[in-house]
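With chain A's structure known, arrange chain B on it following the hints.
Residue numbers (our numbering), protein chains in the order written: chain A, 48 to 160; chain B, 4 to 119.
These are calculated hints, taken from the structure and not from any lab test.
You may find that some hints are simply not true.
One-sided and incomplete, this derived list gives chain B residues near chain A with beta-carbon spacing under 7 Å [stated by the list, open to error]:
(1) F45
(2) L46
(3) G111
Going by beta-carbon spacing under 7 Å, a handful of chain B positions derived as facing chain A [unchecked claim]:
(4) D41
(5) K44
(6) F67
(7) F93
(8) E112
(9) G113
Backbone N, C-alpha and C fix where the C-beta goes; we use that ideal spot for every residue, glycine too.
Each chain, letter by letter, is given below.
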Amino acid sequence: AQSVTQLDSHVSVSEGTPVLLRCNYSSSYSPSLFWYVQHPNKGLQLLLKYTSAATLVKGINGFEAEFKKSETSFHLTKPSAHMSDAAEYFCVVTLYNTDKLIFGTGTRLQVFP
Amino acid sequence: DTAVSQTPKYLVTQMGNDKSIKCEQNLGHDTMYWYKQDSKKFLKIMFSYNNKELIINETVPNRFSPKSPDKAHLNLHINSLELGDSAVYFCASSQPGAGGAHGELFFGEGSRLTVL
Numbered sequence: 048a049q050s051v052t053q054l055d056s057h058v059s060v061s062e063g064t065p066v067l068l069r070c071n072y073s074s075s076y077s078p079s080l081f082w083y084v085q086h087p088n089k090g091l092q093l094l095l096k097y098t099s100a101a102t103l104v105k106g107i108n109g110f111e112a113e114f115k116k117s118e119t120s121f122h123l124t125k126p127s128a129h130m131s132d133a134a135e136y137f138c139v140v141t142l143y144n145t146d147k148l149i150f151g152t153g154t155r156l157q158v159f160p
Numbered sequence: 004d005t006a007v008s009q010t011p012k013y014l015v016t017q018m019g020n021d022k023s024i025k026c027e028q029n030l031g032h033d034t035m036y037w038y039k040q041d042s043k044k045f046l047k048i049m050f051s052y053n054n055k056e057l058i059i060n061e062t063v064p065n066r067f068s069p070k071s072p073d074k075a076h077l078n079l080h081i082n083s084l085e086l087g088d089s090a091v092y093f094c095a096s097s098q099p100g101a102g103g104a105h106g107e108l109f110f111g112e113g114s115r116l117t118v119l
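Same shape as in the complex, but just chain A (with noise of 0.2 Å):
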């Protein structure tokens, strides 16, 4: 069965500094990952997603991740961290042959000036 653990409930980092959110996930198949994000009293937004092109996704706001088969990761990164950045992150994948998304339980990014 298709799962994903996001690794970290919270991550901390000053603003300017690298932002490493971790994702590993759990299929059978070749699976579809993306990463969402969530900011404070609103809905969740589509950051960046892989569905078996090119293993290194580029997203909105500067934000790439990395599609690893062999560590079964899909890691999300930014070089510079902005304060605006700081919301809940999901990663997420699909579930084989049924239009279900699993989403991961969460990475609360704080950003501090």
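For chain B alone, kept in the frame of chain A given last:
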């Protein structure tokens, strides 16, 4: 112009009451969803409709009844509300990607339900 809009944004009610949350999307998508987000931010799908037809119905109590009058609307009615129903409910819509791949979900801003 808001893509996915849901009303009300906040709803406070007593146990045992019946309430509805409405959702509309103007993106022309065929598929709409209801998700529940609990106090720990965990998101779980409740229902999915494709062109007014129910295609996903997770293990949700039958006090929850979705209704889709047309493919642009998916409303959620909840009977006999319980304390455990307190959560944020998100409506979303999507269109399948290339090769049937799961399309991007567009979410509403959520409806925070508090049951007292």
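Each hint, compared with the structure:
This hint holds: F45 of chain B has a C-beta 6 Å from the nearest C-beta of chain A, less than the 7 Å allowed. Interface restraint check for L46 of chain B: the shortest CB-CB distance to chain A comes to about 4 Å, inside 7 Å, so the restraint holds. Look at G111 of chain B: its Cβ gets to within about 5 Å of chain A, closer than 7 Å, so that hint holds up. Restraint check, D41 of chain B versus chain A: the minimum CB separation of about 11 Å is more than 7 Å; hint violated.
Given hint, K44 of chain B at the interface with chain A, holds; its Cβ is 5 Å from that chain's nearest Cβ, closer than 7 Å. For F67 of chain B, the interface hint is violated, the least distance from its beta-carbon to any beta-carbon of chain A being 17 Å, above 7 Å. The beta carbon of F93 of chain B comes within 6 Å of a beta carbon in chain A, closer than 7 Å, and the hint placing it at the interface holds. Here the hint on E112 of chain B is kept, as its CB sits about 5 Å from the closest CB of chain A, short of 7 Å.
Annotation: interface hint on G113 of chain B holds; nearest CB of chain A at approximately 6 Å, less than 7 Å.
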